[in-house]
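**Q** Sequence:
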Amino acid sequence: MKAPSTVALLCMSGLAAAGGFEETCTDISLTSNLILKANCHINKTDVRKTELDLKDFFYNDNGILTTKATYGASSSFADSCTECELTNDPINWFQCLCRDWTGFVLASSLDLDKHISNQGGNLHFDPSEDSD
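Note that the sequence shown covers residues -18 to -1, 1 to 114 in mature numbering (1 follows the signal peptide of the UniProt record, and there is no 0).
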């Protein structure tokens, strides 16, 4: 068993920067209701089952998944994106087919590890300045 990385130890202590949940969470999955589920370390030994509703944090901006609501962005990507899934290559990217303003469908994705962290065993959305 390999020792936890410095980033993992910082995440478990609550001192880490935004994102980075992959370092301290396992069994990461996405439900059909667009709920991200994982088992996340509270500390070095204890783990908590946790979930985060992605519909509350991501938007469709003219066919592109984004983390911030911009002029014209849907209130939730779930209304205008379909076939959402976690990809394995690269790991834990969130990918959907999203309609733009004309109805054209585009493939769009976000790196979840940039936007979601483990805070005390709970998945937490970390807003960022830029989108993927």
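Since the hints were derived computationally from the structure, they do not count as laboratory data.
Each residue gets a CB set at the ideal place from its N, CA and C atoms; glycine is no exception.
There could be a bad hint or two in this list.
FRET-style restraints, in silico, Cβ to Cβ [to be verified]:
{"no.": "1", "residue 1": "Val87", "residue 2": "Asp38", "range": "36 to 44 Å"}
{"no.": "2", "residue 1": "Leu79", "residue 2": "Asn25", "range": "20 to 28 Å"}
{"no.": "3", "residue 1": "Leu12", "residue 2": "Lys50", "range": "32 to 40 Å"}
{"no.": "4", "residue 1": "Asp82", "residue 2": "Gly102", "range": "35 to 43 Å"}
{"no.": "5", "residue 1": "Leu79", "residue 2": "Thr27", "range": "35 to 43 Å"}
{"no.": "6", "residue 1": "Gln77", "residue 2": "His106", "range": "16 to 24 Å"}
{"no.": "7", "residue 1": "Asp28", "residue 2": "Trp83", "range": "40 to 48 Å"}
{"no.": "8", "residue 1": "Val29", "residue 2": "Phe86", "range": "37 to 45 Å"}
{"no.": "9", "residue 1": "Lys31", "residue 2": "Asp82", "range": "35 to 43 Å"}
{"no.": "10", "residue 1": "Asn104", "residue 2": "Glu67", "range": "19 to 27 Å"}
{"no.": "11", "residue 1": "Asp28", "residue 2": "Gly85", "range": "42 to 50 Å"}
{"no.": "12", "residue 1": "Ile24", "residue 2": "Glu65", "range": "16 to 24 Å"}
**Q** Now look at each hint and say whether the structure bears it out.
**A** Hint-by-hint comparison with the structure:
no., hint, result
1, Val87 to Asp38: 36 to 44 Å, "violated (23 Å)"
2, Leu79 to Asn25: 20 to 28 Å, "violated (39 Å)"
3, Leu12 to Lys50: 32 to 40 Å, "violated (21 Å)"
4, Asp82 to Gly102: 35 to 43 Å, "holds (39 Å)"
5, Leu79 to Thr27: 35 to 43 Å, "holds (41 Å)"
6, Gln77 to His106: 16 to 24 Å, "holds (22 Å)"
7, Asp28 to Trp83: 40 to 48 Å, "holds (47 Å)"
8, Val29 to Phe86: 37 to 45 Å, "holds (43 Å)"
9, Lys31 to Asp82: 35 to 43 Å, "holds (37 Å)"
10, Asn104 to Glu67: 19 to 27 Å, "holds (23 Å)"
11, Asp28 to Gly85: 42 to 50 Å, "holds (48 Å)"
12, Ile24 to Glu65: 16 to 24 Å, "violated (34 Å)"
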